[in-house]
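Trainee: Read off the chains here:
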Amino acid sequence: MAEEKKGGTAVMDAPAAKSGGLSVMPKRYVPWPEGNEKPQIWIGMGTCGTAAGASALEEEIQAWLKEHGMEADIHPVGCVGMCHNEPLVDVQVKGRPRVSYKKVSSKNLAQILKEHLQDGSASKRAAFGQLINPDEKQEPYDGIPNFHEEPFFKNQVKIVMQRCGVIDYHSIDDYLATGGYDGLKKAVTMSSDEIIEEIKKSGLRGRGGAGFPTWMKWKFARDAEGDAKYMVCNADEGDPGAFMDRAVLEGDPHSLLEGMIIGAFAVGAQYGYIYCRAEYPLAIRILNQALDQAREKGFLGENILGTGFSYDIIIKEGAGAYVCGEEMALLNSIMGERGMPMIKPPFPATRGVWGKPTNINNVETFANIAEIVVNGGDWYAGWGSETTKGTKTFALTGKVKRPGLVEVPTGTTIRELVEDIGGGMTLKKVGFKAAQFGGPSGGCLPGEFMETGIDYESLNSGGAIMGSGGVVVLDEYNCMVDTARFFMEFTVDESCGKCTPCRDGTALMLQILERITHGEGRLEDIEKLEQISGFTKANSLCGLGQVAPNPVLTTLRYFRDEVVEHIVDKKCRAHSCDELIEYVVLEDKCTTCGLCKPPCPTDALEWEKKQTAFINHETCIRCKACVMACPFMAIK
Amino acid sequence: MSTATTKVDTITVTINGQTIQVPKGTRIIQAAEMLGIEIPTFCYQPRMRPNAACRICTVEVTKPMNKMFMACATEMMDGMEVLTDSERTLKDRQTNLDLLLTQHPLDCPVCDKGGECKLQDYSVKYGSFENPFETKRKDFPEDIRSVALDFNSNRCILCGGCIQVCGDIQQVDAIGFSKRGFITVVGAPMGEALDCEFCGQCMDVCPVGAITSRFAKYKFRPWQEEKTQTTCTYCGCGCQYDLRTVDGEASRVTPIEGVGPGQGSLCVRGHFGYHFMEDDRRITRPLVRRGDKLVETTWEEAVSEAARGLAGAKAAGAGRVAGIAGGRLTNEEQYLFGRLVRDVLGSSNLDSSLRYGAINGVTVTREALGVTGMMNSFDEVRAADAVLLIGCDITQEAPILGLAVKEAIHKGEKPVLVADSMKTEIMKRGAGRLVYTPGTEIAVIKGLVKAVVDEGLIDEQVAKKYPKAVQALRSELSGTYKEIETPTGLKKDDIVALAKRFAAASKGIILAGPRVTGGLKGKSAMTMLVDLAFLTGGLTTPGAGVNAITMENNELGLALNGMAPELVPGGGSWDDAEARGKVATAWNCSLPNHQGDTMMEMFDAMREGRISAAIVAGTDPVGRLPQDAGAAEALGALDCLVVSDLFLSETAKRAHVVFPARSYAEKDGTVTNMEGRVQTITSCMKAPGKAASDWKIVSDIAREMGHPLEYANPGEIRAEAAALVPQFADTDVTNAARGGVSTEALEAWLAGGFGTGMGERYDLPAKLNEASGHEMRLYVGELLFHSGSMSTYNWGLMKINDAASLQLNSREARKLKIKEGDRVRLTGDRGSCVVTAKPDPNIMPGTLFFPRHSVLDDVRNLVQVVEGSEEEGSVPQFRFTRVTMEKVSGVAEAEASA
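Sequence order for the protein chains is D and F. Take 1 as the starting number for the first sequence in our numbering and just add one per residue. Take 1001 as the starting number for the second sequence in our numbering and just add one per residue.
Hint data in this document are derived by calculation from the structure and do not stem from the laboratory. Source: prediction; values computed, not measured. There are no misleading hints in this set.
With a cut-off of at most 25 Å between alpha-carbon atoms, the simulated PhoX-like pairs for lysine-lysine come out as follows: (1) F:Lys1067 with D:Lys528; (2) F:Lys1690 with F:Lys1293; (3) F:Lys1179 with D:Lys537; (4) F:Lys1091 with D:Lys528; (5) D:Lys537 with F:Lys1063; (6) D:Lys528 with D:Lys570; (7) D:Lys528 with F:Lys1125; (8) D:Lys124 with D:Lys102; (9) D:Lys185 with D:Lys201; (10) D:Lys528 with F:Lys1136; (11) D:Lys570 with F:Lys1136; (12) F:Lys1138 with F:Lys1179; (13) F:Lys1024 with D:Lys356; (14) F:Lys1067 with F:Lys1024.
Just chain F, with the same shape it has in the complex (with noise of 0.2 Å):
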């Protein structure tokens, strides 16, 4: 890779009689932009090429020819000289806007771009009052068949920069031109209705008021929005857009342009579902137990109960408390849940929705490379030669990287190598492609690592540089590769040929899903891919990297806050003395001297009455796991269980008391994404009834302890915690921008015997190869239009897809003659479930696939878990289990089932 940078040429222009020096290659526009001159553009999208098709950005060149030229796709030549207020120039505007508002309905009354419309506004700027053309306008029905994007032709001026955006930016193509000349209309192919991923870009990108949102439809009008930046919370990657709300009700949200990880880019979720904090099923006042029944109180009684019963647990001696975190509270949040389970409870027992799975991303890479989340950026993934995707679903578990990645790969100029367990959307781009046998990730990364190793694919830097460290992993992959042909399905060639590609590129970046990090030996797997980075050079060439992705919002905000019993605030190891050292300095308070339990471990403590009392906020488990974990019978058995929330979730079902949380809409704080930047979120609506922010509860309960810890804001909170966690210091910092890789780190892991038991992380779990009576893999997952539960609460995203239903393989659906809507029964060794069936040609023979947040399915309690050693993070593995299917027949069976 060269690092040796390339000398800009500069070259002198002049617009409208003012001179500036511009980097060769710049176009008009951008020169204008830089003088702080207007040019017009309807069509022009900055990060897209230049499509020049509305013409409006037409400009008077006279040197060194005369000639009108369009502003955004002309390359400036030296000494070029450009007049974008001659005669010329207003007298063709003037044309182009009276040419378009020939055809263009005058109905900006009832127009939801109205008062944003950038044709209304060049209209006042440069358009003639008196349109000297008048011609017959169209006269097209207004499409309204989709669910969430209404097609007004008649308003449309045909810029083209919807079809660009889904074909450049999301390249899924769903819409395009049709017909010609005139009667040119866009939409989606062969006139059907629209239906796609409903990101919504193309509604961003219209200049007019052609593509309207359903949900958002007559209910605003610009100008009495109020517009606050803040940052989505469905997923990992952390967009940033404006929420807008009327009067505090959320009318829509709007992306920013080239502002944070997503750039301008929004998914469905992000866009549309920004329902749910005013969904009815909120609670509203806290509730306390009385008998079977949950009731209504005062704040202060709740907060009482709360505070007695934890205390009473804290009094019976030490370790009786437990503290369950999750990824919806902000970083200021969760740092004071830690310290209220950690200093005020003074138990260890703290433990947070990173078990899940995450855990195991955030301390292997932690360990091995000094990093805590993503070690590139989402910029370093746009510039990557290679990606390499493991067990992840990116388009669908987080949609914003996987535009990132789409970008990368544009249309297959780069290669995407892809292992997954079904055809992903990103799989059908790939260069290289293994589809392998689900929840098998762990031999398919040990035959990656073996084929580099057999095949001297090794980067040779690193073999000079760490011979030992090569010839460790080398003495260890000496084995046949029929140990991993035979679980995985693969073929041993197309593990190398796919190890060869990845290999041959020198930027390349790895990616890996829950599916890795969650799975079977999830933190071995890990640590495999760390190795196989190792190997190619990924953790020595800048750019290059191994990640894991998270997949809640603010999960890495838990790993920074040491929200589990293996980690400290600051993201150090319980285990060093001085991290946990300067946690009690800080706090003024001497930490409980043994490492606290995991929750499975939790689960059994309290089971057998050894854990009384618990504190869960922000998280579900009993919703989450599934009922094999035995969640629900551990939480029932406390003698107190406080839970927050924003529903009655079944978590809080149990609880004996439930405080009424607040949504990111309407609090303060910041929030930490995937790649390490920590972004603002700004309270812009009113929470509803008594809900307060999850900091004021800890606060409160806090404060009836005995034990205050008070504050009058967020901020003071971030403050304190950025003694411990330096990255709070900053906002908007990615990991790699921090400086990556630390080298002490990589060098410590490698001396250190290369993170833990070479011999067991790369031994194949037998688990592997086990047979089982039932013929079926089923496994659990997300979808693209939902996240968790929350996003079920968003009337909009479940009209867009409320379906909960088993994909199946549509050749293997014909066979056993299953229809889509047909009910097919599920039988598992933890019991059976009826469900509805959808056949699904990317979904591979042999496997099943339901999304996971159809919390209330029985499918979920399908999964037997298996749960996960100590070395191995102690992640339950709870996606995947063996079923057999069979077709409900008769109507009467099917309802006497359901």
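Excised from the complex, chain D in its bound form (with noise of 0.2 Å):
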């Protein structure tokens, strides 16, 4: 931070040029209220954080204030990424640093209140981070460190999640006053080639996982004829474990809409969707508001900022198909039509919603897009690898010690992914086996790609796919057969029906996979289980199906030992598949008690006085039972 330069409160460090086309994240404060003597209380209230018991917290502040006889400002804020540490409470008093403290609970909740609105310190132990605002005059704690040095946020480059978890997310003035609708303000200045121009030279790509240019679709859509147009957000967010989205849906709500009215802009739309699956009320409640709050400000409906544009948008809410979120099938959903994907061409950009060109975008792209008409596509292509510019936010999940929310400069390596943010594995002596990008449609990679840099291309390369950017870490623990088994199931749980590769292929590959899962595998399912896969991979009518046989082809690619072995030892390594686990009698710890013989079900475990026990394995069901009841924990 050599250089800081003073722009509202976002504080930039330096110009991207200065810093040898290396550009510098924005860096959001909320300024002190004015004339507000009050403390500021910021709870984590997004979804994860309620979920970790927010709400109870809330109560409980209020009842601490309540009985201290004091006034706090309480604001609930969407989620800054620290899975890790929920439920998050960020306390602030005048002239002082926000104070950011982790794991809060009733135990400790009254000490940090106390500490920090009382004695006028803050609480060392629970605190992992002060935010300091360099615009407002703050007195630091110390022995607290800098938010942004923590080692969870060292390493990200936060630019969709700027705002997230820092903002309040009922406040339309908190977003104004962090730089909000800036970029809007400069896009109706520009002209709508001038727009994409500068998304073009952001080599912004499609965060919706098939990253395909931005610039170019909108490019399309503007260009195609029609008296009416659509832009469409797409926040059918269904990929299991994937809570990106989610987060600026919640957390910072206007940046979705004012990328959505500057790409409406843009294109020339009228209309808007955004299509939010109904599994987030949390997000919608919260994006109707923002609706509101940016019609009343005038950044959205007749006559925008006075331009004399136009452009509104209505929530669709989904009806819980994961397959809606392709984009011909949600287009279908939003017309009350059953939600099938359709033939391509036509594409949306020519004949989407109501028959009238469409641009359907994901969230993370259009919350990217303010910033990149504020700042200019070159400071946004400062990062990133060569194919693939920017930021990219993850959903790091799985056998690592920090999951959350993170944002990565694209390019970053898996390694650091998984081990500088994500903290290494959880469990030391378990190593790491793989990391499963992309969910259902994505697959495994193994340790050899630890030092790939994430992106588009070599995802691709690898057999796996960003997908909306679900990564989940797995140790030796897993097994990559269930695992591949597990997606599958999700495929073909939520496979339309439509084509009969998808809807055929998907469940015999299911399955094989529960058959070899279960010690029943044969050699030449591996075989079937390629031919399949291939066949649906190229002969598929929607993306779902194409790229379902991804985990089973990464599994087979990088994991066939262990495939071969499930189907000809009958064993699974990592200990999962129930079927294939033997239970054994260890002669050296057994006490010949007999204990575990009643409880067996099927007669299997074989007991006479004084004699060690026996398990006859045709006849054991592995159901533990003998197991449970070994005092001596004899049986493994």
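From these two lone chains plus the hints, build me the complex, please.
Mentor: So this is what it looks like as structure tokens:
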């Protein structure tokens, strides 16, 4: 932070050009409310925080304040990404930095509030960072690291998530105070060509997973003829374990709206839909409120910012079908039809919602737009790999110490993601086995990809896909066949049933995988899996089917041994497939007590007095009843 | 309208090494077809946009990129190279079949589709005989809840063709997918039993045996069947289909893709109405009257008795014999019937079922436009920019023309404007709607013409070219809207809005239904529609026009054969001495020199004893007309009544001689549809007993009378008839293709005072505003499931719909506490009767609807017939009447009155 450039409350450390092409990320601080003496408290109350108990915390804070005769402003904020530290509470008093506390519970809450609000210090045990706003004179707390230097955040670059967890999600004022709608204000002074040119320069590609250049999509939609056009947002985030879009929808809804409005302005759209899954009730509530606020402030609706340009957005709730994330199915669903993909062309750009030219982008794509317009395409392109510019959010889950929502420049290696940000594997002795990218459409990349920089191309060549950004880290205790089976089960459940390869192919693959995990696999099954996978990939109608075999294919590619082991040796090295586990009695530990015999439902356990028990593997159903019954842990 | 043809770009593509030039936008599957290369497909339907669901048509594209593409959906690029027989293509095709066969039950031996199943054929051709995959099969119970169609979801390969045809062609969306993925099933929404129009098109497109007909189930194997292409005879559409028979018994009806007016679509009647031929109520032997009874007799005796009776009347004086024919007869039979009456019997008293209303449509379009029948073809309707329907419940009255209208407006993209006295099916898709009081069609039409004149909607070129005609109309329509608003119950603004929308379309087509031509002042109403078309440029723009639809199968044949006193064969006017002379020369006879009686005049003459003998073929005036028309009394007064029919109709019951006639499936010949297409019907079933073709019956009578009309087959009759009726020379040509509107006729009509008496034309009948003691307006009309009485002899159709219930407005019903199935009493000036009520939201308040096919019901006899004046085509108006309705309370009273 050599040179600090002040602009509103957004602080740019240095212009992109000066730092050798390496751009600098915006850091957002909520300014102290003028004339307000009351302490400010922020509670992480996204879906994640609420699930971790934040609503109860809010009540407890209120109660504490009342008890101590104090008053404070309490704000709900979205998800900052630190799943492993939920629930989070930030506290700030006038003239001092905002301090973030982790894992706040009824046990430590009183202590934190007492130290912070009464003693004038900060609870060092619970605090993990302080946000020091360089625009305001703030006296930092000793011994608490800068928020941005915290190990989890240190290596992240936040553009999409810059305001998530920072601003009050109910407040458009917070958004405006942190540079919000500057992009739109600038965009309306630009021509459509200029906007699209900036997006082109930025190298932004569709963050929904397929990575189609955004500028090109916009250009198609703009050049399409039609008396009405639509700008639609795909917020039907359905991958298991992915919640990037939810964080934006809940934590920073206006950044999505601003992106959509700019997009609509660029392509000449008058109407918009946000197709949001109904399983995000909080997001829908917050979005509706944000829409009202934006309309009230003149950013949405008739004659936006006095330019004569009009655009409005309706929220359309999905009905729970994963396939509705596919754009054609999504369009059908918006129109009240069954959510089923259709053959392209015609592409939505020429014939979309109600037969009109339509542009569809993902939440994360839109959330990037305003910042690109404000800072220019080159600024955005200062991050990222050769082919994929900018940043990407990932839902980092699985066997890492610090799971959470992270945003990193593309090109970041898997090792950096897993070790530097994720903090390494949960269990020290159990090593990294694979990283699963892209959910049910993706694949598992083994350790040899650790040093690979993540972008669309590298993941594709590895057999996975970027997808929406779910990353599941697997260790030696995860069975790869079972993982493939899990994702295939999801696909079978969610296939719309329209085309044969996806409908019947996935069902058949699942059946084969189930057979293998049950120890009934045959060697020719591998060949069959490959055949069906190849067929399904090449012949499916929509993206869902075309990528559905990826988990199987990557498993066969990188973990073939493990599959063969399941089939030939009837063994699961991860001890995950129940049917393939053989329970044995450890002779040295067995006390010949016989307690293990009665619970066995199939009489597989043979025991006679003063004899070591013996398990008959023919009849054993692996119910673990004997394991539970043995007081000496002699059965394994 | 631009008439410039756009230049079609062609591209060069290569399939399996064969290079071909195809128009831009050609899909791989189409190009392959041109080269005679077969690409298998389950879901591709040439009439619909590709669905690309079954993926069996996958082919390997090698240039410009190497990838698998779906042949049905991929538009080819210039220089594209495709392999349909590469190893990869064959392998993927095989895998696809293998996957389907893991699911599809191998119950071919008991499946109706076995033998013509695409999955079966492709499996033999492209499949592997050892399926490497196995899995648990689906085990859904067969859905046999609907009355006509059974759904076997286990056999279903989910290609979606049925759903597409239901949604895109039939546009009723009666079936869809439910559930998802592997367990997706096709069926009616919410898992209900299917209750739809039962057009059966879903069954036709099903490549496997997932949808089967209840009526045909287990009754045939495809290879046992004989296939005979013939023409459907239920309505004026004249669809082509294959009537399939096993050992001379009808097994089912299958459509023929891309052929005839329907282009492969059939309606419920065409599809499932093939049982009446084999009904045991058919008359199989000639009958003669012995006292009060009709007794079976020999053919010879019946012929001689008929000939004696007719000859006796002829001898007693000119014009003492009458003939009435119907649309059931083929062109050839009608021609010969006409010749029998006019030549052999020497009488000009020849009329036909045209008199029920169609005559008005026929004469108006012929006089004004020089066209007998529709001036537009179904194809032109499909391509129209706007369709205006008046008094025409098209989806019920002419279902396949209804599909053409639906295609024209495709899901509301183009306007359909509907004026009717109930909310018709097509009105629900309407861009403009006028719901008027029943029976006031003429006022509505006058309002529309007035709106066009008043609002300056007259086509510029018409105004420039025919200023006198336009001026004449303008001065005729200077009155106020009041006289229109009062009887019709419409508002001026609504009429004007509809007129504006119609005038805005460049290719606007008007379709007038039987309630216009058969309504009050039907001829004037039809002429006004010609005025409307004329003013909006409809007569001078190709693809636009004005048409009256006909109801009976061969009604247009009746017109072409001159089967009305005012017509002569060839469709010319009786008044035209030249046309008459031509007929006399051809027949080598002298025609009676005065114009004969119309049907209603005949009835008067019969009652008064001026006509003492009659021959009736293929129509049932007693059963069709209300009692008030006096047909029963008149025909009963005859010394000799000769009837030929399939069933012992109400008219036949009063006959002295009854001949058993043949149905369309048992005879050869041609019929003319409403577009003017002359189409063939072909015999493929054995006639029951002694039943004979009507031409044979006529020929026998003529011979017996000493005036032989001898022909070896209908072809010879047609050859003779074609000398007078040139249309009979060619088959499958529509009026539009023959040149459409005759400019000379139009100019002559405009010059000659604009038809007849424009002043009188635009005078609204006083009857419109006549007060009545009965507050409800009852009208009798068509249902989709039945036409005439013939369809009621189909046990299949009767299973689908046997209801003859009175439809009334549901809100009104609720007010009167009438529920479905309740009995209500209708009382009119002509008596009263008790019927079953059925509340229906589509019926307007104050209005009642009763289906016409139910001939035995007394409802028909409530109708008071209004005799049309001679200027108005002498058409008796018998579709409307006024009644009082009351609920019959108590079982006893209901039973007593029943």
